[in-house]
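Enquirer: Generate the whole structure from the sequences, applying the supplied hints.
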Amino acid sequence: MWYFYSPNIIYGEDSLGFIENIKGNKCYIVTDKLIEELGYLKILTEKLEKFGKDFQVFNEVVPDPREEGVLKARKQCNVYSPDIIIALGGGSVIDTAKTAWVLYEFPELNIGDIHLFRSDLYETGKKAKFIAIPTTSGTGSEATNGTIISQLEDDIWKKFIYAHRGITPTYAIVDPIFPKGMPPQLTVDTAFDALSHAIEGMVSNWKNEFSNAMGLKAIELIFKYLPIVYKDGKNMEARDYLHQAATMAGLAFSNSQVHIGHGMGHSWGAVFHTHHGRTVGILLPYVSQFCLNNPDKDDDTLEIHSKIAKQLGWAKWDDDDKKAAFKAVDKIKELQKKVDFPSKLQDLGVSKTDFENNIEMLVACCFQDATSVMTPRSITDEYYRKIYYYAYEGKDIDF
Amino acid sequence: MKILSEEWVEAFGKAINENPDYKPSALTWEGDMLLVIEPSGKLDHEVRVFIGLHHGECTGTRLVPEGEEIETESTMAGPYDNFVAVTKKEIDPIRAIMAGKLRLEGDMAKLMRNTKAALEIVNSLGRFEFEFL
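Here the protein sequences line up with chains A and B, keeping their order. Position in the first sequence counted from 1, then plus 19, gives you the working numbering. Position in the second sequence counted from 1, then plus 1, gives you the working numbering.
Please note that a few of the clues may not be correct.
[Said to hold, decoys possible] If you want the ones that stay clear, here's a sample from chain B, every Cβ over 10 Å from chain A, calculated:
1) 32
2) 33
3) 49
4) 56
5) 74
6) 86
[Said to hold, decoys possible] Listed below are the simulated SDA-like cross-link pairs for lysine to any residue, each with C-alpha atoms no more than 25 Å apart in a straight line:
7) B:102 with A:139
8) A:341 with A:235
9) B:90 with A:313
No wet-lab data here; the hints were simulated from the structure. C-beta: ideal position from N, C-alpha, C; glycine also.
Expert: Structure (C-alpha cells):
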C-alpha cells in the first residue's frame with residue numbers, strides 16, 4: 020500500500036479567479052511585506068472584494084520562518100475564525116500558513132506534535148480550507164504535505180520538517196501572474212530548488228510510479244523553459260510552464276521525499292543563512308554523483324538516471340546505463356552554466372575558515388534531518404563531511 | 002542463536018555499539034526504548050525487549066519478564082511477523098509505521114529528529130547471524 024496525495028490544482032492564466040467558487044467568506048491571508056510592496060496582495064484582495072469575501076491580513080512572515088510567526092498567526096486565526104486560510108507568497112509564507120492552519124484546526128497541538136504517524140490530522144480542514152498561492156516557481160509547498168519551520172536548538176535556528184498527508188493544501192492556485200515579476204536570479208534559484216525536488220524525489224527510498232511521472236515531466240519543463248525565462252522574464256508562456264513544473268516537482272517529492280541534497284541544504288542554510296534553492300541546486304550534481312557511485316548492486320539509482328537521460332533525449336537508447344546516467348549529471352551542470360548558476364558552495368560567500376569551523380555542526384544537523392534516511396545510498400558522518408568538502412571546492416565526487 | 006533469546010538480545014545490544022553508523026547519528030538521542038513483539042505467526046506469546054540508549058551508546062539490552070512494569074521514553078510495538086519483515090528488509094521500517102504494521106509511541110518530535118539513528122538500530126540486526134522462529 021502506498022499513497023499519492025495532491026491538492027486540487029488550478030493553474031494557468033486567470034486561475035486566481037477560481038477563488039470565487041470556493042465556499043467560505045472569511046479569509047485569513049498570510050503573506051510578507053515584499054509581496055505587499057510588489058502589489059500582489061492587492062491583486063488578491065481586489066478579487067476577494069469583488070467576490071464579496073471578507074479578509075484579514077498577516078504580513079509578518081520572514082525568510083526561514085520561525086515558530087513565533089506561526090504561533091502569532093494561529094492566535095489571530097483563533098480570534099478571527101476564518102473559514103478560508105490563504106497563503107500568498109513563496110515557501111516561507113506557505114509553510115507558515117500551512118502550519119498555522121493545522122494548529123488552528125487542532126488547538127491542543129504544538130508544532131512538534133505534527134508528525135507522519137498520527138491519524139487525527141487526516142481530518143485537517145474541518146474549520147477552514149487552505150489555499151496556497153505560490154508567487155515563486157520552486158518551493159512546491161503549495162502541493163506538499165510538509166512544512167519547514169526553524170526552531171532554536173543548541174544556539175542555532177535549525178530547520179525541522181513537519182509532515183503529514185492530511186496537511187496537504189486544499190487548493191493550489193498556480194497563476195503565472197505572480198512569478199512574472201521575479202528577478203532572474205530568484206527565478207533561477209527557485210527553479211533549481213524545483214529541479215532538486217524532482218531529481219531527488221525520483222531516486223529517494225520512497226519513490227513510486229506516480230511521483231516519478233510528476234518528477235520526469237517537471238525535469239523536462241525546467242530544462243526547456245528555465246533558459247527562456249532567464250533571458251526573457253516576461254515570456255508568459257514559459258513562465259506558466261515553469262510555474263507548473265515547480266508544482267509538479269512538489270507533488271513528486273511530497274509523495275516520495277527528497278534525500279541528502281535537501282538535508283545538507285537545510286543544514287547549510289541553518290548555519291550560513293544562504294538561499295535554499297541556490298544551496299540545494301549547487302549540491303544537486305554532487306549528491307547525484309554520490310548516489311551513482313553506490314557500490315550496492317541492488318540500488319537502481321543508476322538505471323533511474325539513465326532512464327531520465329534517455330527519455331529526455333540526452334542519451335541514446337542503446338547507451339549503457341552508466342554512461343547515460345552520468346550524462347544526466349553533465350546536463351545539470353550545463354544548465355547551471357547556461358543560467359549563470361554557481362557550481363560550488365564556496366560561491367555562496369562562505370569563507371573556508373567559517374566552513375571548516377562549522378563542519379561538525381553541519382554534519383550533526385544533517386543527521387537530525389529526516390531526509391537522511393531517504394537516500395538510496397546509505398550515508399555516514401564521513402560521507403557527509405566529504406561531500407561538503409568536495410561541493411565546497413567544486414570537485415567531482417570520486418567515492 | 003534464535004531471535005528473541007537472551008543470547009540474541011545481548012548480541013543485539015553489542016551490534017548496535019559495533020555499528021559504526023549508529024553512534025554519529027545518535028549523539029543527541031537520550032531515552033530508552035522498549036520493543037513489544039506481539040504474538041503472530043510462529044510467536045505465541047508477547048516478548049518485550051528493553052534497549053538502553055544514551056548519546057550514541059547502547060547502555061544495555063534485556064528481556065523484560067512478564068508482569069514487570071517498565072517505563073521507557075519510546076515504545077515500538079507490533080506483531081512478530083511484521084518485525085521479521087522489517088528485520089529481513091522486506092519493509093522499510095518507517096513505511097511499516099506509516100502503514101500501521103508497527104506502532105511507535107513516545108516523544109515523536111524527538112524521534113523524528115533521530116530517524117537515522119532509529120534506522121541504524123534496525124540495521125544493527127543485520128550485523129550478526131541468528132535464526133528466526
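Enquirer: Check whether the Cα positions of residue 341 (chain A) and residue 235 (chain A) lie no farther apart than 25 Å.
Expert: Holds, because 19 Å separates the two Cα atoms, which is no more than 25 Å.
Enquirer: Take a quick look at whether residue 90 (chain B) and residue 313 (chain A) sit within 25 Å of each other, Cα to Cα.
Expert: Roughly 18 Å separates the two Cα atoms, so the pair holds.
Enquirer: Are all beta-carbon distances from residue 33 (chain B) to chain A longer than 10 Å?
Expert: Consistent with the label, residue 33 (chain B) stays out of reach of chain A, its closest Cβ about 20 Å off (over 10 Å).
Enquirer: Would you say residue 56 (chain B) is clear of chain A, with no C-beta pair closer than or equal to 10 Å?
Expert: Residue 56 (chain B) clear of chain A: closest Cβ-Cβ about 12 Å, beyond 10 Å.
Enquirer: Does the no-contact call for residue 32 (chain B) survive, Cβ to all of chain A over 10 Å?
Expert: Since the minimum Cβ distance to chain A is about 15 Å, residue 32 (chain B) lies beyond 10 Å and the statement holds.
Enquirer: Grab the minimum beta-carbon distance between residue 74 (chain B) and chain A and tell me whether it stays above 10 Å.
Expert: Check passes; 14 Å lies beyond 10 Å.
Enquirer: Was residue 86 (chain B) rightly flagged as not at the interface, with every chain A Cβ beyond 10 Å?
Expert: Since the minimum Cβ distance to chain A is about 14 Å, residue 86 (chain B) lies beyond 10 Å and the statement holds.
Enquirer: Over 10 Å to the closest beta carbon of chain A is the bar; see if residue 49 (chain B) clears it.
Expert: The claim holds: residue 49 (chain B) sits with its nearest Cβ about 21 Å from chain A, beyond 10 Å.
Enquirer: Regarding the pair residue 102 (chain B) and residue 139 (chain A), is the alpha-carbon distance no greater than 25 Å?
Expert: Between residue 102 (chain B) and residue 139 (chain A) the Cα gap is close to 18 Å, so the pair holds against 25 Å.
Every hint, counting from the list given before, is met by this structure.
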